[in-house]
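> Chain by chain, the residues run as shown.
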Amino acid sequence: MLKDHSLVAENITFGYQKNLPIIRAASIQFQAGQITALIGSNGSGKTTFLKILSGIFHADQGQLFFQGKSITKKTQYHYKKLIGFMPELLQLYPNMKVQSVLFFLAKLKGCSKNKVTEILDQVDLQKHAHRKVKALSKGMQQRLNLAQALINSPEVLLLDEPSNGLDYTSIISFYAILRKLAAGGATIILSSHQLGEVMEYVDLIAVLRNGHIILHDHLSNVFSQANSTVETIHFYFDKIIRPEAFAALSRQHPELTSVNETGITVALEKQEIGRFIVAAKEQGLELIDLKIKHKTLTELITNIS
Amino acid sequence: MNSYPILIIAQKEVLTHLKNYWVVLVACLILIMNIAITGILGTFFSTELDPRAILLSLIHLHMYIIPLVALILSCDSILKERELGTLELFYAYPLQSYALVMGKWLGHNIILFMVIVIGLLPISYHLYQLEVLLTHIIGFILLIFALGAVFNSLGLLLSMLVKERALAMLVSIIVWLFFVFLFDLGFVTITIMTDGKISPQLLGGLLLLDPVEAFRISAIMYLLPVDAVEIFSLNNGMLQLSTSIVATLLWIFAPLAYLCYKSNNHG
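Protein chains in written order, with my numbering: chain A, 815 to 1119; chain B, 934 to 1200.
Among the clues, some could well be false.
[Unchecked claim] Residues from chain B that keep clear of chain A, each with C-beta distances beyond 10 Å, as calculated: (1) Ile941; (2) Thr949; (3) Ile965; (4) Leu1028; (5) Ile1051; (6) Arg1098; (7) Ala1099; (8) Phe1116; (9) Val1121; (10) Thr1122; (11) Asp1128; (12) Leu1135; (13) Leu1136; (14) Asp1160; (15) Ala1187.
[Said to hold, decoys possible] Each computed PhoX-like pair below joins lysine-lysine, with the alpha-carbon atoms no more than 20 Å apart: (16) Lys952(B) - Lys911(A); (17) Lys1195(B) - Lys948(A); (18) Lys994(A) - Lys1053(A); (19) Lys946(A) - Lys1195(B); (20) Lys1096(B) - Lys911(A); (21) Lys887(A) - Lys1195(B); (22) Lys1013(B) - Lys946(A); (23) Lys1195(B) - Lys888(A); (24) Lys888(A) - Lys929(A).
Hints were generated in silico from the structure; no laboratory data involved. Each residue gets a CB set at the ideal place from its N, CA and C atoms; glycine is no exception.
With these hints in hand, go ahead and build the complete structure from the sequences.
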């Protein structure tokens, strides 16, 4: 079960207070080379779970494994050398210069100064290396925050709401960096409440609800599930729908939601369509056209979480 | 203990305070106050001053100013890291949990040492010319530094326990007022009210509960041993140079030990 280069959480339970768990028996396996998004509403436990994965908090119950080895309080030092973490609220020393901040953090992580130049290049901040952090734009500061996480060439990258406050161009370049890292074999886990963005850039999603992981799947699988789930069907008929015809149809199909002069909207499963058309024909209504509205991924995930 | 990250953090603290002129400003302030209070400038125009009087003035000046300087330096230090998000970030770094606290403590002590040495340099030269022993001058500087280290530890403890910067400042001032003025007042009140019913041993022990008093006692006993016995009635019971130094060391390391324990149990 424990593949190399994968981070595994097994039955993790954690709470800030006793008997009030935020994370409840969460089990999940993160694969190397993939970007996984932790999704959930506010207070679902995304940030807390990321902090457990980064070793900031220690689970009350359950275990973490990395590359098949258990991560405990005693062994976490080695694990922390292999990870990069970017908290949601981070402002690196505003009065220091970009390069000096990274030199300082690189030294703390035991990396060489040469690595700083390389990372500045990678996050496209080399031109701003001698500017003070407070003089950078929000997007640049986020890239600096990412740079500190990347400085030790991490095998696991944990990002808490990384695209907060970024404009669309910055988001594109931000995810381009992440994609490149994933291609290099890094395990990337990020939390986000921007579903649109997640759909565009990640490989897998894990949905958290009340501290439970209720879904963990490839985005493509979730997409196909969304496509196979019909939300509503709108039927267009050849003539105006009489009230008595509508009443008869709604007796047979209580899921009928709305009606206008020539059409009826019904929340039906695909296999029910034939039966509904026959019932309409019995009321003298000839079908001209129909439009099926599938559930969007956002609607599907929102319903789940 | 892997001490390397502690040194890196200490170095950053020192460089930051050198770059923003904090060290220069505070050192100049101490220098000016030293010159003003000891009346060195007066010696250019009149007779030489008594070195005992200079030393006593310096002891009393530093017992007021150094605790305040140390508290201002450290009372929001960890708080700032928490506000920036770097405190949490460091918990995800391959560092010992106490590295940040120890690094800051060491860095602040280096800053205090620099400030004290720069501030006392001209006066030390003058004292040397007045035939005060070099070992006494160095010992005096170390005692002042120890007083600073006590309040550095207390300031860091405050910055760990208090969640807001304004509150940290306020509590620092209260701590300073308590140890510098109120403890003394309380002690005198107790002495008068009990009218000699409490043994001098116990009173001596009570006095060592205040790190500022512990500094004053050790400085007087070290620099002015004759006056310590004849004028200040020291060097009896618990009031020994050794006990006051032990009390000072306890005041330095007890808060630091608690800080390290607290850092280890952050989650």
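> None of the hints should be skipped; say for each whether it holds.
Now the hints, each set against the structure:
1. For Ile941(B), the requirement that its beta carbon stay farther than 10 Å from each beta carbon of chain A is not met, with the minimum near 5 Å.
2. The non-interface label for Thr949(B) is inconsistent with chain A: the shortest C-beta to C-beta separation is roughly 8 Å, within 10 Å.
3. The beta carbon of Ile965(B) is kept farther than 10 Å from every beta carbon of chain A, the shortest such distance being approximately 27 Å.
4. The beta carbon of Leu1028(B) is not kept farther than 10 Å from every beta carbon of chain A, the shortest such distance being approximately 6 Å.
5. Taking the minimum C-beta to C-beta distance to chain A, about 23 Å, the non-interface status of Ile1051(B) holds against the 10 Å cut.
6. Separation of Arg1098(B) from chain A is adequate, the least Cβ-Cβ distance of about 15 Å exceeding the 10 Å criterion.
7. With a cut of 10 Å on Cβ distances, Ala1099(B) stays outside the contact zone with chain A, its closest approach being about 19 Å.
8. The claim that Phe1116(B) lies off the interface holds: its Cβ sits roughly 37 Å from the closest Cβ of chain A, which is beyond the 10 Å cut-off.
9. Under the 10 Å C-beta cut-off, the non-interface status given to Val1121(B) relative to chain A holds; the minimum distance is some 45 Å.
10. Listed as outside the interface, Thr1122(B) is consistent with that label: its C-beta sits roughly 43 Å from the nearest C-beta of chain A, beyond the 10 Å cut-off.
11. The claim that Asp1128(B) lies off the interface holds: its Cβ sits roughly 52 Å from the closest Cβ of chain A, which is beyond the 10 Å cut-off.
12. Residue placement check: Leu1135(B) keeps its beta carbon more than 10 Å from all beta carbons of chain A (closest about 43 Å).
13. The Cβ of Leu1136(B) sits about 45 Å from the closest Cβ of chain A, beyond the 10 Å cut-off, so the non-interface label holds.
14. Against the 10 Å criterion, Asp1160(B) stays outside the reach of chain A, whose nearest CB is about 47 Å from its own CB.
15. Remark: the non-interface label on Ala1187(B) is consistent with the geometry, its nearest Cβ contact in chain A lying 25 Å away (cut-off 10 Å).
16. For a cut-off of 20 Å, the pair hint linking Lys952(B) to Lys911(A) stands: about 12 Å separates their Cα positions.
17. Distance hint between Lys1195(B) and Lys948(A) is unfulfilled; the C-alpha atoms sit about 31 Å from each other, more than 20 Å.
18. The straight-line distance between the Cα atoms of Lys994(A) and Lys1053(A) is roughly 57 Å, outside the 20 Å bound, and the hint therefore fails.
19. At most 20 Å may separate the alpha-carbon atoms for a hinted pair to count; Lys946(A) and Lys1195(B) exceed this at roughly 33 Å.
20. Distance hint between Lys1096(B) and Lys911(A) is unfulfilled; the C-alpha atoms sit about 27 Å from each other, more than 20 Å.
21. The straight-line distance between the Cα atoms of Lys887(A) and Lys1195(B) is roughly 16 Å, inside the 20 Å bound, and the hint therefore holds.
22. For a cut-off of 20 Å, the pair hint linking Lys1013(B) to Lys946(A) stands: about 18 Å separates their Cα positions.
23. Annotation: proposed proximity of Lys1195(B) to Lys888(A) holds, straight-line Cα distance about 18 Å (limit 20 Å).
24. Straight-line distance between C-alpha atoms of Lys888(A) and Lys929(A) comes to about 28 Å, which puts the hinted pair past the 20 Å bound.
The earlier numbered hints that this structure contradicts are 1, 2, 4, 17, 18, 19, 20 and 24.
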